[in-house]
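These protein sequence lines map, in sequence, to chains A and B. Okay, so the first sequence: first residue is 1 according to the numbering used here, each after it adds one. Okay, so the second sequence: first residue is 1 according to the numbering used here, each after it adds one.
These aren't lab readings, by the way, just hints derived from the structure by calculation. It cannot be assumed that every hint is accurate.
Output of the computed footprint for chain A on chain B, the stretches with three or more beta carbons under 8 Å from beta carbons of chain A [unchecked claim]:
| id | region |
| --- | --- |
| 1 | 163-174 |
| 2 | 249-258 |
Partial pick of chain B residues on the chain A-facing surface, computed with a CB cut under 8 Å [stated by the list, open to error]:
| id | residue |
| --- | --- |
| 3 | Val-51 |
| 4 | Ala-142 |
| 5 | Val-144 |
| 6 | Leu-156 |
| 7 | Ile-158 |
| 8 | Lys-215 |
Note that CB positions come from ideal geometry on N, CA and C, so glycine has one too.
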Amino acid sequence: MSDLRSSIESAEASRRRKWPWAAAAAAVVVIVAGTVLAVSQRDSGADPAASDDPVSGGTLEFALIDYQRSPDPQWGTNYAESLVGNNITDKLTWQDPDTGEITPWLAESWEYNDDLTEFTFHLRHDVTFSDGTPFNAEVVKANFDQYVHGDPALDINANGAALLPGYIETQALDEYTAVVRFEKPLASFLQATSFTANAQPGFLSLSTLALNAEERTDATKIIGTGPFVYESWEEQVKTVVVKRDGYNWSPPAIGHDGEAYLDKIVFNSIPEASVRTGSLVSGTIDATLDVGTTDEAPLTEQGFDIISRGVSGTAIFFNFNSQLFPTNDIAVRKAIQLGWDREAVEQTVLTDSYSIATSVLAPSVQGYVDHSDSLRYDPDEAARLLDEAGWVPGDDGIRVKDGKRLELKLLGINNLVVNKPAYESIHEDLQDIGIDLQLTVVPIPDYTANVANAATDWNIVAANRSRNDPAVLNLHYSPALGNASFVTGDSPGIDVDEVTEVLGQLETTLDPTERAAYAAAAQDLLIEKYALVNPIYNPSQVIAQASYVHGIIFDAQSRNHFVDAWKGTGT
Amino acid sequence: MLRYAALKTGRALFVVWAAFTLTFALLFVLPADPVSLLFDPAEINTIPPEVREQVAANYGFDQPVLVQYLSRLGHALTGDFGHSVQSGKPVTEAVLAVLPSTLALAAGALVLALIIAFAIALIASSTRHRWVKELIESLPSASVSVPVFLSGILILQIFSFRLGWFPAFGDDGPSSLVLPIVTLAIPVSGPIAELLVRNFAIELRSGYVTTSWAKGATRAQVITGDVSRNASLPALTIAGITFGNLIAGSVITETVFAREGVGRMTQTAINTLDVPLVQGIVVFVAASFALINLIVDLIYPLLDPRLRAVLAAPAVRTA
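Using the sequences plus the hints, can you model the full thing?
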């Protein structure tokens, strides 16, 4: 009955339904128009030339992907945590980002014994924490003890155990003299005192050290000696720091006198890349980290500055598993070193902020030696090496030896946007010379799960190690320590003792000439003699900033310090 | 009636317990060792074994699985889900700290979604023009087809970066909520709108509506007086689905708009395999889900006389 009424109301002859199509077309037009409007470039007026004199005051709005999971700088292992930690706390020494040399900071001078097992630091007398308590040798002792051993009663982990292996104790000889003692020679300790990356040795006040892990989630209780002090910490959202009044001990090498210029810095956590760049363009943010390679050119065109620094440590590398078939064959390893087109990767995947690796060490690390002769694209030579070793091209183009295909399994991390496209380009090139490279590029937790079985399951592990010291090669590749290429008695043609000794020499001396010689020997061993590693590219930290922002410093580990940063007119 | 209530409550409790046990089992069956994830992947080989043992002992990972399970369950019953492995904060505190932000977002999105859904249903059923009806009826499908991150970013680009009407990230008062609420309301409104449109159409053909027409009611009076009440009741049954959409949508919305919240915390907790935190969040979501369904089950008889009659009638024996 009601159907009758409805049918009378809609008693038009039923036509072929055109309206849904019209509606869909209209929706498509709206979406396309919206997208075009959204992504079209906006003209930004050219900023007037600013004067070169630093301006005091102002708030810097900064953006990055990560957020601090805890305000405790000694615990923090992600980028945001080490970034903020560097501005709240200070270190004993400052490593010059250009030369890699260790220069004074909270320690004015130091000596060490010939064995490199005892390091004596003479501290500045004028340093205080933001709660007024003095910084002295007792504080250094309390910090290092807790840093290396942790404190189970307070739920504090042994955050620094990996950085300071073999630590025995710290002695406070007098108020401003501290002696740190180790069980075995640790040349890299000097650089470790300047370390500004994961779980950094920044000094906390005695009151902070007495707090347990839960209490340390109250940022206002974390007291350091740095140029800034915590004002607030909102997890996942932002961290706010304010200027420390009376700060007067920035590293002499920087050449900055007195307090920081900025009144306040807000570190905003913005996970989505387009929101970071959009906020920068619209002026809500003054500077942002984590700039994607495809954003660099558009931002430069819109009048923003791109500043960057290569990460110091190893390059992004392919570590070969020397005891697993087929990477246990040196011909295969060398063929891979020669088998990929570096120019192609450079032009299609990298930007000016990055560079193709020319050694397993990044160029900014002391002792770096250019190996681009061996690390070149030479597919003919690669093919020849494989032919000589008995690898015959099979039916599908992939080489075969003794009935087994030349297939390799690679494990990589997808955290850096450049990784996957670079590896895929290499996969293509290697396929042309008959090598089947199977890629598994996954997020960090999956990578960690798989790397536990790296010795038996993976031919190549692709990662990097950030540490601005040639001893990073020992830490990472020595059969006694990291053994990233799994050099054991089962690795054919490799003298395990030789590897341990050549790499271990790096820890035995701080004499620059000797160190340089040992570093050269280590790189030769890893790249030429045993071809244990195939370096790919040097990763970078890239910042995009408005043109009125000045003075953001990249330190030797490519972390940022804001003590010298200021905002000019035109804000 | 009491039996009905007891049955539903029991089922709700079972769901929560099952969620707890399943997450526990899954997280331990996964190949990653939770202790390894606390360290930088590049440095894992250089971590001394004593350090790893100490960290494992800290979090109780070194005890047999069954002991861990029972001890966790015991603590959970008192509301203690342990401490987040990544931040050291107690899990309950961590979730409660970000909960208000998600609640504000979810409540606002739900209200807006209901408004949109009713508007769609009312327009679709009251219009005389067929083309308007079909256009409006295609909106629910469109709303669930557009990915949340795409709509979120588009909305941000237009209303925040271009026009500057609203902030793009963070949480500075009511204006920060507008864009996220709109973004989240779009996919949530879809299923509700679809259901309401169908029900309105069905109710309009039923007997009591014909009676109203016969008694001289206008179209507006029929729709608002008779149809709306009866047609909206089934929307309660998809409260569970709606809640699920809100949670799933909030993960993406909170990430795009850089807001703190349970959704974003879930994403980071899973990425870092923060076992206690993931478990706490899953149990929390399961408990909320079960609670909402329980409330709906208990309210339904009160709202629908037909169900009330069925429950009140003495059980009929089938011979």
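Structure-based check of each hint:
1. 163-174: holds (count 6)
2. 249-258: holds (count 4)
3. Val-51: Result: holds, 5 Å to nearest chain A Cβ.
4. Ala-142: holds, 6 Å
5. Val-144: Result: violated, 13 Å to nearest chain A Cβ.
6. Leu-156: Because about 6 Å separates B/Leu-156 from the closest Cβ in chain A, which is inside the 8 Å limit, the hint holds.
7. Ile-158: Check passed: Cβ of B/Ile-158 comes within 6 Å of chain A, closer than 8 Å.
8. Lys-215: Interface hint status for B/Lys-215: violated (13 Å vs cutoff 8 Å).
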